[in-house]
Amino acid sequence: MAEHAIVVENLVKRYGDFEAVRGISFRVKRGEIFAFLGPNGAGKTTTVHVLTTLLKPTSGKAVVAGHDVVDEPMEVRKRIGIVFQDPSLDRELTAYENMYIHGRIYGLKGSELKEKIEHLLKFVELWEFKDKPVKTFSGGMQRRLEIARSLLHEPEVLFLDEPTIGLDPQTRAHIWDYIRAMKEEHNMTIFLTTHYMDEAEQLADRIAIIDHGKIIAEGTAEELKKLVGNDVVYLKLDAPEELKCLRAEFIRGCKILADGRVALEVENAAEALPRLFELVAEKGIKILEVTYHRPTLNDVFLHLTGREIRDEGAENPMAAFVRMRMRR
Amino acid sequence: MEALTTMAYRQLKRFARAKSRVAGMIINPLLWLVFFGMGWSKVFDNSMARTVFGGVDYLTFLAPGIFAMTVFNQSFVAGVSVIWDKQFGFLKEVLVAPASRKESILGRIIGDSLVTLTQGAIILALTFPLAENLKPSGFIPALGVGFLLAMAFSGFGVSLALRMESMEGFQMIMMVLMLPLTFLSGAIYPIDTMPDWMKALAYVNPLTYAVDGARHFLVGASVAKFSLGVDLGVLTVLAAVLVGLAMAEFERATIG
Ligand SMILES: Nc1ncnc2c1ncn2[C@@H]1O[C@H](COP(=O)(O)OP(=O)(O)O)[C@@H](O)[C@H]1O
Ligand SMILES: [Mg+2]
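Listed in order, the protein sequences are those of chains A and B.
Reading the first sequence from the start, the letters are residues 0 to 327 in numbering that gives the first Met the number 0.
Reading the second sequence from the start, the letters are residues 0 to 255 in numbering that gives the first Met the number 0.
No wet-lab data here; the hints were simulated from the structure.
By construction, the Cβ of each residue, glycine as well, lies at the ideal position given by its N, Cα and C atoms.
Among the hints, a few may not be true.
[What the hints assert, rightly or not] Label-pair distances were calculated between CB atoms; the ranges are:
| # | chain 1 | residue 1 | chain 2 | residue 2 | range |
| --- | --- | --- | --- | --- | --- |
| 1 | B | F138 | A | E124 | 49 to 57 Å |
| 2 | B | A124 | A | S137 | 39 to 47 Å |
| 3 | A | S58 | B | M177 | 40 to 48 Å |
| 4 | A | E124 | B | A239 | 55 to 63 Å |
| 5 | A | Y14 | B | F138 | 21 to 29 Å |
| 6 | A | A1 | B | R251 | 26 to 34 Å |
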């Protein structure tokens, strides 16, 4: 067995004139959880669909579980499982029937299939609902069923496209537990996409940050945060936009956030703060609010693109803020 | 074979789940039979009219037509189910599976054709007490004709659905096709008395051969227009071609 479960080289996918994936390369090791982190429209789903043989790449090469996705799609399909971003269950049928049909299509049958269905429905805690039609399930239950279904044929590589999108925080944490258990129990390779930073950070061994169809950084969460520096100071200033970005030799980077606050990258916040106060006083600017914390993946994205990754309340920014402050 | 039987099983299972829909589906042909058929049957209750309808009463003439019409209309459900699966995402689940796509889609078409045929059989059974001269021995063979018709139009519906994004577009095409093909099939009046230009259209209408084939079995050769061989031949070739096209289309399918 090769060392890598996924090898992608210079992958390009165009829809008409629009280039959704613009020449990406990366490798995922066996047994690793690898996350694609990026905002909506970054090209995550497109990449997943190419890797799972549902879309033909425009150019480039992708090898999944040892087989080329273009030359041997059938061999790839045998070895992968996928939870699509959008629901893909048969809503008219029951949870059990959905599992059963999937198993049969993948060539399982008889008592082996029955045992596996029972085991997996118990694993995702849906066994007691096995005879209920899927259309009566909550979003979280449907997601769990899809996860169970994707594991039925014991794939070598599992693709999870935004596995917790639109779910409440409790359900999300619950699904993370399943994902961790899957990796530990089956040593499965998992390719995960998400636009939630906390999800990437919680689950992934390595993260690739993707934006506008390009990978702009790759590494462990720790490695990525080192790109930013040690600390980030957030200031709320009573100053016109053009004066907000303060300049001094101890300020390594400065970005203005969507909410008007300023994020300053510094080596050591404790030492930088007094100097900052002086600087601000010199310029006659008033500080309304100050906080600082270690960089998050959001800061990394901000650092790399000048934009923030979070949207539509993936997590409440203020809540995250408060949590960070309390931890210090 | 796994994919074929599993997909056929799924279509049947879905049908069994949706019992209320089933009732709704057979109401329409029943209305035709009762109100249209019984309404006109007294008007045509004279020897001259009987001659026009091949020597039988009007309801007997009409019954095979209603049966074929039911199967024809319901066949498009196969297409509708493909569009639903597109919209609800189940299609991706099939496309990403390591099973023969040709088999999967053939299984679906067979499953949907069996569903369609069940509804046709219910309608046909209900026509027997109303029409005087239907042959009970023709029931099963007529279902065979219905199955060929169902396969042909399910195949057509699937090919069409694979190219369409919305339910609305698909339903538009169905509406546009359904009534003209029904009128031009000899189901409600004989082809022989049609104006020549209409006759020409009736000859190229596949439904014509299903109606005629069903008449062979349910009423007798004397009321049929073509030979049984022509009817069955046309339907078989048509079903093979349309199902074959659907299979080729599905083999190439990607997601949008
Ligand atoms: N079928 C398609 N046709 C045209 N453009 C598409 C299609 N699918 C996706 N796109 C575009 O490609 C880009 C990447 O989309 P996607 O891969 O879904 O991103 P993500 O999953 O990261 O949100 C987006 O700008 C999207 O609008
Ligand atoms: Mg996506």
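Broken hints, by number: 4 and 5
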